[in-house]
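**Student:** Chains as they are written, first to last, in my numbering: chain S, 100 to 473; chain V, 608 to 902; chain B, 6 to 208.
If you are wondering where the hints come from, they were derived from the structure by calculation, not from laboratory data.
Here the structure is a predicted model, which is why all the values come from computation and not from measurement.
Even glycine gets a Cβ: it sits at the ideal position worked out from N, Cα and C.
Where hints are given, some of them may not hold.
Examples of chain V residues toward chain B, derived with CB under 8 Å [unchecked claim]:
no.	residue
1	R635
2	L816
3	T834
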Amino acid sequence: MGYVAAKGGTQAIEQAEQLVQYYRLRGGSEPIQIRQIQDQFRLAVDKVMGEGSLYSPFHAALALKQAEGDTIEAVLLLRAFRSTCPRTRVSVVAGTSEMHVHRRISAAFQDVPGGQILGPTVDYTQRLLNFSLCEEDGDHVRRFVAQYLADLPAGELGEPPSFPKVVDILKREGLLAASNGAGAAPEEPPYDITRAPLVFPAPRSARLQALARGETGGVLALAYSSMRGYGDIHPTVGELRVGTVPLRIPHPAGGPAVFIGRVLVTEAEVVAFFDGTSGPGAPMFTLGYGLCFGHNELKAIAMAVLDRTMNAAVPKAPAENEEFVLSHIDPIESSGFAAHWKLPHYVTFQADIDRLRSAQRHAQPRDGIRRAGG
Amino acid sequence: MRAADLLVARRSGYNFAFLDEHSKREVRRALLKAVAIPGHQVPFAPRELPIALGWGTGGLQITLSLIGPRDVLKVIDQGSDDSVNAVNLRRLITRTTGVRTTTDTRRATIIQTRHRVPEESLRADQVLVFQVPYPEPLRRVEPSDVQTRRMHAEQDYSRLWVYLYEDIVRWGDVTIPHRYPVRVHGRYVMDPSPIPRWDVPKLHRSPTLGLFGAGREKRVYAIPPHTRVEPLEFDDHPFRVEDFGGERCRRCGSGRSFLSAIYDRATGRRYYVCSDTDYCERRIAGGAAQRAAAP
Amino acid sequence: MDAAGIDALGEVYRDQRTFRLLIEALARPGTLQSLSDPMPDVPPGVDPYIASVAVTLLDHEVRFATSGPTAAPLTAYIARRTGARPAPPEEAGFLFACGHDADSPLERLPVGSLEFPEHGATVVLTVERLFAQGGDGASTMAVEGPGIPTVARVHARGLAPAIIEAFIDMNREYPEGIDAFLVDPDGRLVGLPRTARIGWNRG
């Protein structure tokens, strides 16, 4: 019998890569420009930036194009790219009170200083498919944008108003604990889970960082479990903001901090009902905090809910268990491991079969005895 | 040779062996502590690589932190050099290092492996790097990392022993097929990665340094050479390797290697072949040479 | 390729070679390794082989301490060259000390904890001379344990008995402990992990 070698692994991989390209291009449509993805798929770009943990709309858009819209694959590409970028500086702490607000709402009060600004949201639209989008062309785009700008009342494009934080109001009125753990000092410097291994219990900065990089669906599902009743913090959205925040780095020669640009972020501050965990003294509400890159409201809200639920002294539900939550929300870890089951496992399976045969042999004599006796 | 190596690394656009030097230092420091504390899982902060987590990034980072221009690399998966995952990993490593590769176990200085230890006895000048999906041997009895860390600290392995005992009561033998828990240097219980039982005895007092990398779980651990590695067993139920029931490899005739079953594409019939393809091919070549030499 | 590029890659290979020798030394305690890449351009008072070990292993994520007659220039060099932060021995991950210095602060080093034994420090000790066989004025340590087929013998001149005793004492409660590298001015290297069981007598 001739020896049939199991060769050709390299060839198979190369052909698979070619086939992927073919599947992407065989439709014959015009190649999508990166710019189009950045402009018209901004929310997908923002999601990928947040989970990819790299603020670069261009690279996120490129990753989405390469991944043919598979956001987890795009995140994997972006994270790997991020690994190759040298980290030269750490910014000064950024204040979201300096945000140029695009959108800002509070569910806690009917009105708040600065006002409720709906901003660009589809929250109040009816979810009906818009078939006119099928005929959209360059002319439509140019006319719409020109008309929109022309219709803006004069003076609208001036200096934006200020928006004092709702949570500051609550703190001033003695309704909200001053910090998330009574008397807890801020960690100096913040923990970086990309530089040091995450161990539990985790410092709060590590927890928030892990959540910020978490996969939106995973973070949402766990937060949802808490909202539905597997643990419940009775949350109210104290404030949700979307806008750009300035970033500064310390001056290399010791002068004032240097402004390097603005990043778009979504911030959610969720107020939880009092439950005795606010520390000594009179009971108070406590705060759950969420912040992520780009415009991603569900994730920021879910982050804030989980930030709060994980403070449970005795975890009674998965969302209250910090180790459970933080171990399972990273998209690269979860998708990589789920996908790895597709790799060959024939040696381990052969070993499984050996054990099963052994157990079956052990089971047989008892059967024989029963039959003989019965 | 030196200049050519430099060029290969530059052309790929990445540092030699892909990882930046800071990342390598992180892995290297962790590896030194791992070697100093045999079988203990040392946490480290892995870098994201262009290969999915769960697909060998831990082992890969160890190899990338070890490898130099004079090394000869072998990468296997299920014992085969040609398995698609091994091919992919090998391509990334060679693309960013230019090192020579080999399928010949005897010629390699670094062997990165998934789920097998080569049949060929390894030497002191070789390093065996294992890809590890589950670094924690206690995971089958305790899901929490905080708890398992405490159990290792206190040498509290009682729940694992109870698990093994209940297995024997129920099934007549310990049913753990791979990832068989071993005790290293008489102290830490360790997960040897999903190698079959067949390969566990090779770890005991081996002349070769064994390094274990779990990228997704962010741990490395090590077995120094000449170290006791003892599978957990009971006096009246000693550890046993797989029984192939007298089957032999259809290609080379070996009855002394780990075999895997194949179902013939055309006929559907089952036959067995060595999982270690290099070992198998060398036996075939040796047999052919003998036949050629015969009058 | 420009000179800076070649230099940068030269450092990459140098660190890789040095690391391979360090891990080999620790994995096979008592075997004699030869460091091959003394750091060029070290300031006076800084041993070029000690410097190469420091540059290979240290960076801004770790803290280190030094002691002995060359402590000051060595501290300055390591801090500048690697970004590692000088710290008192109690907080150091690495100590660079002198083998014949009986007052060396070894015993102040962290030994880690049962849950995190890897937090035990690493000490790099300069000795006068390491020998493959015995040598004039050398102490001989008989070493057993992981990495050693039966018994290994380490012959070191310029290693104070107090230091050997301190090392043995700090490692009596395995897995807590510290790990050591011995280096001589010609770049000979021996590794002693905390698992090494040491029996010794004066030479």
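**Student:** List in ascending order the numbers of the hints, as given earlier, that are violated by the structure.
**Tutor:** Of the numbered hints, all hold.
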